[in-house]
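Chemist: Start from chain A and add chain R according to the hints.
Here is what each chain is made of, one letter per residue.
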Amino acid sequence: MSTGFHIVVCGSLVPDLLQTLEPVAGPTGPALKNEMMLPAVLDPWAGHALFEAAHLAAKHPGSKVWLVSLGPKAKLQQLMMSIAQKVPFELVAIDGSASGFTDPVEVAAALAGAIEKIPTLDRSRLLLFGGCASASRDAGVTVQMVGERLGITDQFLAADEVKVGADGTLTVLERVEGGQYLVSEVVGPPCAIAWATGNLPEPPNNPQVGMQNMRTLMPSLQKAQLAALSAQGGTFVSVEVPKQERKTRIVKDVPLDEMARDIAEWIKG
Amino acid sequence: MNDLRATMETDIVCVGFGPATGGFLTTLSRAMVDADGATRLESRVMPGMPLQVLCYERADDISFGVSGIVSKARSIRASFTPEQLAEIPMATPVRREEVLYLQDPIGASRRSAGVRALDAVVEALKGALPWADHAVLLPWIPPFLQKHDGMVFSVGQLNQWVGSQLMGSGLVQIWPGMPVREALLEDDRVIGVRLVDQGVDKHGAPTGAFMPGMDVHAALTVVGDGPVGPVGQQLNQRFGFPAGHHQREWAIGMKAVVELAPDCGLEAGDVLHTFGYPEPEIFGFLYVHPDRMASAGIFVPSWFDSPARTAYRYLQHWMTHPRLWRHLKGSTMHSWGAKTLQESGRRGEPWLTGDGYARIGEGSGSTNVLTGSGVDEAWATGVQLAEAVIELASAGKPFTKANLDATYVTRRRASWVEQEAKVAERARDGFNEGFLRGLIGMGVTGMTRGLINLPGRVRRVHERLPSMEQYFGDRIPAAEISEIRRHSQATGTPVHDALMDRSGWPRIAFDGTLLVSHQDALLMGGKVQAAAGFADHVTFLDTAACQSCGEQVCIDGCSGQAIMPGPDGVPQFDREKCIHCGVCMWNCSRPHAADPERGNVGFAAGSGGLHSPIN
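Protein chains in written order, with the working numbering: chain A, 2 to 270; chain R, 124 to 738.
Mixed in with the good hints there might be a few duds.
[Said to hold, decoys possible] Below, in silico cross-link-like pairs of lysine to any residue (SDA-like), each with a Cα-Cα straight-line distance of 20 Å or less: (1) A/Lys253 x R/Lys325; (2) A/Lys74 x R/Glu210; (3) R/Lys452 x R/Glu390; (4) A/Lys34 x R/Glu210; (5) A/Lys253 x R/Thr616; (6) A/Lys224 x R/Lys452; (7) A/Lys224 x R/Ser292; (8) A/Lys74 x R/Gly367; (9) A/Lys34 x R/Asp414; (10) A/Lys224 x R/Gly293; (11) A/Lys65 x A/Arg124; (12) A/Lys74 x R/Ser292; (13) A/Lys34 x R/Thr215; (14) R/Lys325 x A/Lys34; (15) A/Lys74 x R/Gly331; (16) R/Lys325 x A/Pro204; (17) A/Lys60 x R/Ala332; (18) A/Lys253 x R/Lys452; (19) A/Lys253 x R/Asp624; (20) A/Lys253 x R/Gly635; (21) A/Lys60 x R/Ile211; (22) A/Lys253 x R/Ala613.
Hints listed in this document are in silico derivations from the structure and should not be mistaken for laboratory results.
What you are looking at is a predicted structure, and each value in this text was computed from that prediction instead of being measured.
Chain A on its own, in the form it takes in the complex:
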């Protein structure tokens, strides 16, 4: 593979998961209270995809990574100052809600449309990456739909590893039921891979990488198009954040066995 891959990672921001999140009814549907005030992080699954993409690109000269992000422009800008220090990529920004209350069909259309407009993208070398799920909505369907819109028929979901053979064959390790893996081979791009956690740690912040990315970040943010998200795609019957159970009990001199039994009972509910 002397020409390398063109890897497009779809990923955006989610509110920092360790902050207090509270769903509220907004004028256009459900929203998170004070969403614009909350610090944002790159969706963890998208993060794994991005780091895997950068790792793959580094090993295959001639490769290039794009990050296609749909989110509120101001928040994307803030987030990028952290993400851009991690790995090299070129940003394609789309302005729109990343609340998780959007219709994935519309999100996929916006992402696919933006990918199609990347002028230097060679679709024959395209690896479409994204998260197999999202921290803001665990639907896990967006990468599939983007792939379908781009005509990519080889799709792998919940991948943890991709190996490239000497002949360019991709071997993909996919999570399946029961803690088992499905190993698949595909002759090469184009294909879509929705990542689970992968195997790579989060890279350290590298200021040089940040400076390199900065050359394309701000222009991309400045020309970010508003996504056509109509909020008409569905009706939310109810909305709630994942429950965080906290039960604090102050006890003294409890034997370890009893504590273990207590915890086991609590987990059982």
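Modeler: This is chain R only, laid out in the frame that chain A set:
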């Protein structure tokens, strides 16, 4: 290993992103290009381009400031239109301002004879005073303390909003999650900064993923890293202080951001200041933001002489005072945090400039200790430096000490910041001799505009902190204190709870929403995290001194319970729980071996901290 170290050239590098740097970058960025985008201030490292300006911030996001403040906001208002100010989340104009003297409803507070006499007078006259729930509403607020026309801010949200405007301009780059380790010096000239090494173990030794911190060379280094910032400390140690200046007075501010109950009786813009309880030396504040959010907290100053000072438990006693509980009952904690305040004011001012560097903000001694105002002043010093840089860059002059003195320092000396700081310079000296003397001293200083001050000997923390036996001796026998200390060492827990329990303070009845354990506050109050691959930033310099230390104030004062008793008598530090408040740095009761102005705890550049955007 240095072969791996990268170097980058830029024009201006800023250390730390807070209000001072916000003021600096806001003012500078507006002058860098014309309305049509043409370069006005040209870069030396990239000819033809505008000045290249970088800012490195330790915290993982620019929104992680720790302060709810009330401020006259004169300098901030001067930088933005009213319409822009209205965009800042959690900001609101001051609606009502009250000062309350809190009596001790429990009887555990340590009150001097003078304070007891004051309490007796209040008790006798309470029928004729605006008294309720063990508190007296002061009928009048001295003008120097008033913030009537000011604004209530969340500094986290202010920083986030300002940073967003700046980055949107495309003219400056603010990089969070990137601590600056030190200033780079050639002789006495600062030539830039070195970022922290990554991929190291807790002692700083390289691991397999070692990435040496990059050197960023710049014609001007702007030091705005706050009261405990590593670069500010380094410059203080390298260049010392002007004659008569020192940084011996500090405070830890600890607060929660809470959502008030609908029937709390407060409205956005309401501002309450308190004094007198839980200890006379501890001041409190309750500022109401829009949407029933409020910042509620206390300041524990360095002249509160308890060797077992725990801001957290005192915060809870303050919250549950009947006068405060009236408003806070039914509240939910959304955020929590603590930060050190450099309380020496102008007397703590270091050398403001040198060849290649200038200092702004709290670390530069800009906080006004009489008016209790810091953010407004910090922002103003940033603006002043920016105006100086614009003047020098426009004239093609280098950033030498002489040129920075002639432009930045001259502006600062001629400004309201300096005039008011001079008035305030000795305002708090009286507190070093006692609470009432301090209170009267502040009043006298304020009312005479600094002409008359009540003196007091400003001592270093290690000179003034009594031993536990001295402080608690009137309430707890020495043998029992020894047993408490032994038990603490054996169980790896701080001593403050046992000492306070034994001194008559009731245990806090946790409600799970506002009154929670210290550990739960760390979990509920934001996000405490430390990225892997960084060295410990808190170190115990002379471990023998720690082993012989009977107080170990670093443990009891630690805001995040990140410092705990160690197995060999040396406190142990858990980087993942540190919220970077810096209280350990100035709270140490053992002097540094070579510099008595410092303690025995090292506080260096480090990653992580407490992350909550609404602090």
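Chemist: Tell me the hint numbers this structure goes against, listed in increasing order.
Modeler: Hints 1, 6, 8, 14, 15, 18 and 21 not satisfied by this model.
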